[in-house]
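J.: Residue strings, one per chain:
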Amino acid sequence: MSTSQVILPWLICITAACLVVGLVWGFFFTQDDFRQGSTVKIIYLHVPSALMAINAWLMMLVASLIWLIRRHHVSALAAKAAAPIGLVMTLIALFTGAIWGKPIWNTYWAPDPRLMSFMFLLFCYVGYIALWEAVDDVDAAADMTSILCLVGSVFALLSRYAFIFWDRGLHQEASLSLDKETNIANEFYYPLLICMAGFVLLFITLVLVRTRTEIRSRRIRALMARERMA
Amino acid sequence: MIALLLRDVRLAIRAGGGFGLSLMFFLILVNLVPFGVGPNNELLSRIAPGILWLGALLACLLSLDRILALDYEDGSLDLLATAPIPLEGVVTMKALAHWITTGLPLTLAAPTLGVLLNLPGSAYGWLAISLLIGTPALSIIGTFGASLTVGLKRGGLLLSLLVLPLYVPTLIYGGEVVRRGAEGASTQTALMMLGGITAGCMALIPFAAAAAIRVGLR
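Sequence order for the protein chains is A and B.
Just so we're aligned, residue 1 is where the first sequence starts under my numbering, counting upward by one.
Just so we're aligned, residue 1 is where the second sequence starts under my numbering, counting upward by one.
Think of the hints as simulated: they come from the structure by calculation, not from any bench.
Glycine residues also receive a C-beta, built at the ideal position from the N, C-alpha and C atoms.
Be careful, since some hints might not be right.
Claimed, not checked - On the chain A side, residues computed to face chain B include the following (Cβ under 10 Å):
# : residue
1 : L68
2 : G127
3 : Y128
4 : L131
5 : D139
6 : I147
7 : S159
8 : W166
Extracted from the complex, chain B is given alone in its bound form (with noise of 0.2 Å):
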């Protein structure tokens, strides 16, 4: 399982993947935020920890279609679902390479943009430990979005469709523990909540991403 999370890493590094493209996206989309909105300080501050978490959240969806598509395409995904590991956990290990090469390049390169939003100053702790705890979620989520439509022709739209819904809890307490962060309030129970919501995701999702997987490959 660890020679199969170093190979994905490696080859989402490597060859050309989204590893810099998701970030740049990041980086791109918080820069156009302030050109939507107008050139209002004050108003960027107060929707920098939304825009911040949304901007994740979506750089993270890009990336998605890649955790299992390259690896139907030229077979790898059959060996490994042949292979003796169980295919829960060559699940765990793919979302977790997706959160190693997207999630946590994401949540360092977070605060850095906050600067760019005007964030309150009080809010980049909260920011970067609600992005730690709150993206394993999003690319283990992804994961099963990735796996009900391996194998699809026109995979990559249907996958967005059916996983920004699934993002909407993580989204909302993720958000709501940097904006209480941001105005001094206790973010005890947004932050409880989204670590709740990722461990039960973790616990779950890879059963039901593996059972996808076994269908999509019959």
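Chain A with its partners taken away, still in its complex shape (with noise of 0.2 Å):
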């Protein structure tokens, strides 16, 4: 607490001040792309929210373990803390994505493996948050969470590659993304590298704020416990 106490200020400074110069830079600065116009520009939205979305996951595993093997209460805070950020993110992503691929595509949503994939994420998330909702006991509800969440990543991994065989057996030609980090020229480069890097720090900024709260209404509660005690 007293650490992230002193980092926070600074954290949401810098947070903020690569937030706002890398979309700014990205929406006002950079020319248009010579196909798709100004839409491009979603690009600084929809592939950091993307990368947070995966990552907001891979953050929730990394302290589901560590719950379930040192169990450090703060761990399943942060990843509880986590979750509902990883949601809102994959809902940005995908929600970017839709009006992006209308101009483009001319449709907002197409059965594409990497689509699907965030879908499936998106119903990781609800069923995560549901379940710790659904139990009371606060250490049980962490435990079960923990669960699913492992399980979770396998079948998510699974799905992943089970889509990818999917459509390449149904139909060849729908490879509809676009491979973005491959021809994407430096003047997009590095105003999304500025985005990406404040997403990444804005989720922590988040988590963290989060976390502390939980922490926070865990001691209201142990405090409630013991005045009705005495």
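Please dock the two separately framed chains into a single complex, following the hints provided.
T.: Put into structure tokens, the structure is as follows:
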């Protein structure tokens, strides 16, 4: 708590600076793409949020493992705190992708492996959060959700490869995803990097704030329990 | 363990359980599909593999919360958890009992229902084989979901929310086997992946499910 209290103001400042610089640079000081026009600028929201949607789950997986192995309470609370953020990141990635897809692919949604994987990730987050809400006992909830997170990760990987298999099996021409990283010009690349750093920092900041809230609420609950005993 | 298996199967069949219900649900669901998509035989035969797999999956889902809920309510789950046989074995037997009373009847009934959906002739064998290989995975994954929600008040809805995403790989490969079989293409890869998922689930999921039950009973 004391460490996070010291670094949190600095972290907020750096996050804001990165996001403002990256987004303003990306939105206003880069040229339009010669084929996609100004729609290419969605990339500054789409790619970083997609990055964090996946990495938030990865962070939850690590935190769940730490909870299961070392029984570190803050770890379980951090995993709980990260889930809604990951859910929102997934939603942002899906919505910006749909908005981007309409002018470029002429459709909001296509049964493409990447799109389906993100929908799957969304369901994983929803199930995880729902299980946290459903179990009353805090430690039992942490255990249950950790087990779900481990099993869910395995199935997320399985599904990812199943989606790739399924799509190639069905229709060849459906590889709609533009491979953005390889054919991106430097002009788009640097602001994108700053945006990605900004989203990573934003995630860390939000997780810290939310974990602090969780710790405080648990302290309050403990205090109230002690009051009642006395 | 055999005694436990026989007990669960007997209970499911006798005590007005989901035995006939999920089968009837499957039958009705498959019969409702033409009403939804229109009386178009060509379209029906094209979507029949997916509908049959999806129907089997949903019928399987219906009876999942009965795997552990009844035993939890009357306390026999506590006895089983403290019994000399490992809880992982109990979970496996419960999943097997669920498969015998749900997955196996569905597998046997599916080719008959294929007729109703105008399934192409070459697909019947693959439908039966893919369901035979794939439905054990559905049962065991469902047992995992049931063990996560054991003892929760509104466990049923949550159970479907947790389990349905986990069914995705099985559904993809199972549907793919039948679809490729219907088109006369090679089904080997999809069939092997389906078998791999089932074998992997049978080997690993009981440990996760037993861990979840131990937490739930704590």
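J.: Does the nearest C-beta of chain B fall within a distance shorter than 10 Å of the C-beta of G127 (chain A)?
T.: Hint holds; G127 (chain A) Cβ to chain B Cβ min 5 Å, cut 10 Å.
J.: Does the nearest C-beta of chain B fall within a distance shorter than 10 Å of the C-beta of Y128 (chain A)?
T.: holds, 9 Å
J.: Checking hints one by one. Is W166 (chain A) an interface residue toward chain B, by the C-beta closer than 10 Å rule?
T.: This interface hint holds because 5 Å falls under the 10 Å limit.
J.: Holds or violated: is the Cβ of L131 (chain A) closer than 10 Å to a Cβ in chain B?
T.: Since chain B brings a Cβ to about 7 Å from L131 (chain A), closer than 10 Å, the hint holds.
J.: For the hint on I147 (chain A), just tell me whether its beta-carbon gets within less than 10 Å of chain B.
T.: holds, 5 Å
J.: May I ask you to test the interface hint for L68 (chain A) with respect to chain B, counting a Cβ-Cβ separation under 10 Å as satisfied?
T.: holds, 9 Å
J.: Does the interface hint hold: is S159 (chain A) within less than 10 Å of chain B, judged Cβ to Cβ?
T.: holds, 5 Å
J.: Quick check on the hint: D139 (chain A) CB to chain B CB, less than 10 Å?
T.: holds, 8 Å
Violated hints are absent here; each numbered hint is respected by the structure.
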